[in-house]
Amino acid sequence: MTAKLLEVRGLKTYFFTRAGVVKAVDGVDFALARGKVLGLVGESGSGKTVTGFSILGLIDPPGRIVEGSIKLNGQELVNLAPAALRALRGRKIAMVFQDPAMTLNPVLSIGTQMAMAVRAHAGLSKRAALARARDALGRVGIPSPEERLAAFPHQFSGGMRQRVAIAIALLHDPELIVADEPTTALDVSIQGQILFEMRRLTRELGLSLIWITHDLAVVSGLADDMCVMYAGRIVERGPASRVLAQPLHPYTRGLLQSVPGMVAPGGELAQIPGSTPSLLRLPPGCAFRARCDRASAACAAMPDLSPRTTEHDVRCHHPVGLDERTEALA
Amino acid sequence: MSSGLLEIDGVSKRFARALTLGERIAGRLGADVETREVRAVERVTLDVAPGETLGLVGESGCGKTTLGRIAAGILPPTSGVIRLAGRPVMSDGSHPRKLTTKVQTVFQDPFASLNPRMRVGEIIAEGPLVHGLVTPAETDRYVAEWLSRVGLDREYARRYPHQFSGGQRQRIAIARALAMQPDLLICDEPVASLDVSIQAQILNLFLRLRRELGLTCLFISHDLGVVRHVSDRVAIMYLGRIVELGPTADIYRDPRHPYTRALLDSVPVLARDGGKRDFKPIEGELPSPLSPPAGCHFHPRCPHAFERCRREAPMLASVAPGRVAACHLNDATASSAA
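Order-wise, the sequence lines are chains X and R. Quick note on numbering: this note's numbering labels position 150 of the first sequence as 158, and the sequence is numbered without any gaps. Quick note on numbering: this note's numbering labels position 70 of the second sequence as 424, and the sequence is numbered without any gaps.
In case anyone wonders, no lab produced these hints; they're calculated from the structure. Using N, Cα and C, we set each Cβ at its ideal position, and we do this for glycine too. Do not rely on the hints blindly, as some may be mistaken.
Said to hold, decoys possible - Per label pair, the in silico range of CB-to-CB distance:
1. K79(X) with A667(R): 55 to 61 Å
2. L290(X) with L487(R): 53 to 59 Å
3. E391(R) with G214(X): 32 to 38 Å
4. T489(R) with M310(X): 49 to 55 Å
5. G329(X) with D463(R): 38 to 44 Å
6. A309(X) with L487(R): 38 to 44 Å
7. S286(X) with M472(R): 20 to 26 Å
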């Protein structure tokens, strides 16, 4: 077994709102090896973003990590002193957010804000910091990086801004990047470019990546492993190729079948009935059972996330059988 | 010759920035004042046959939403005419008005398109009441009927939009559009803001209603998978121009414009065999519509561009029965084959 770079165990992040306790992340476990890409998949409200934010210690009140452990290279990150966490963030772990316009400071030139990010962790001169910023811009495929340093965020297109955000994340050669839906706001052709760059960078730099997304096709092209989240918990976990080819959880299967392209054009898409439950009023037991066609009385008790085959775990009392899987894919 | 229910005839739309006072004075004094214009839509001609769904595909800024709004009679075109069943959708003159209620739109964002201060019943009934499609006495029954057709409980008429999820709101928006009994429905990215599992519900609803009501649709989307699923024909737009148009299956199988091909190639594929496919990104970025490249707008990003593409904008020309594409390469292959 290779040493894990990141280990998340029993993570629970709750938000204590006036309406009640929102259990946004309720017992999440996963591990990520060095140089691997993990796809964290789920719909809105599944807890995928909160999981990412928890890893970086970005949960603000009324939210709080109430339980669990997040270890990076064996070092515990939960309840780490703010100064120690700051020393890690941006240096060992970096984040790329969904909206690059929110990441960048509109009144500072790209070079200035990148140099600040460099000097926050490295005792370099302004000149050396700018040189490193320029190299980072070059690495993410921004043409003429030298000149672009003087430009302001509004002078970049959405795709270029996201490249700048990725370049900033790369400044200190982090061991782990958490990317939260970084291509969702971008056009197809630009998304293709960013995915292409990310794959190249993870290969070249041996970088570990957590890619948070709702798009299964993106995961299929990018991730080594994947976790599918539903209502704050991981419902299926395993190598991406296996989860996509042989989904065990009815929810994963439903998601895969509801993508247009799985049936003939104009045909009826398989749909998951209902909508995601409110996290304030989660029923006991399996959160998916109200929408599930395989649910039985047993589902009133929460199933464990347990291995079915090697490295392929599912949280379900009635996982999809091998017979039906072949039928569903036919 | 046209048998289209909707005819978009040579439509262009330019947006000009209003000049400042200083620039207007300078202009009066004979200075050369730069007027910056965005040519959002350039000489687009399209027909949508009765009962047909035409998909309109392009990236942000290509003008697809503007074209949809012009077709819906929301925006007046700078030049050109939109006709529905042979009659203009908008009046002429300096203050053009929409002349028909037979075109209705479903917008992208159901959080922005529903008035938060109106009850769902009022939202659906407002248009039909104003236009006399329903009498006040019949309104409740009419609203209940539309709610159940879009798969919502009739009790929901008394609730407000904020009490619904995104998917439910989009159902309300569809009910509002259809309650006007339109001949043509314009769908502007109707599922873009929805989760995958909800998206499938709305697409199924759309396909069912289209079948039941015999609707004609202009379906605008950037999602090539969704467009393939719902459209009979597809038009691909790039920087204000239609670059390719034809039956959906043909275009997806054998694109005849390099942009269409590049767009199809850059969509991540759900690889069920587990194999990782290499993404093939298009080079470069969408140029600014303020200063589009001369000649073919796509030539700076096109791997096959040659001298003529830089000078001369290609016209839409027939490449196969029922298919047109605007690319000089098709001329070259045609002439070399001849």
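Comparing the hints with the structure gives:
At roughly 59 Å, the beta carbons of K79(X) and A667(R) sit within the given window of 55 to 61 Å. A hinted range of 53 to 59 Å is violated for the C-beta pair L290(X) and L487(R), which are about 43 Å apart. Between E391(R) and G214(X) the C-beta distance comes to about 49 Å, which lies outside the given range of 32 to 38 Å. For the hinted restraint 49 to 55 Å between T489(R) and M310(X), the CB-CB distance of approximately 54 Å keeps it satisfied.
For the pair G329(X) and D463(R), the supplied restraint of 38 to 44 Å holds, since their beta-carbon distance comes to about 41 Å. Look at A309(X) against L487(R): about 53 Å separates their beta carbons, and that is not inside 38 to 44 Å. The hint said 20 to 26 Å for the Cβ distance between S286(X) and M472(R), and at roughly 24 Å that hint holds.
Checked against the numbered hints given earlier, this structure breaks hints 2, 3, 6; the rest are met.
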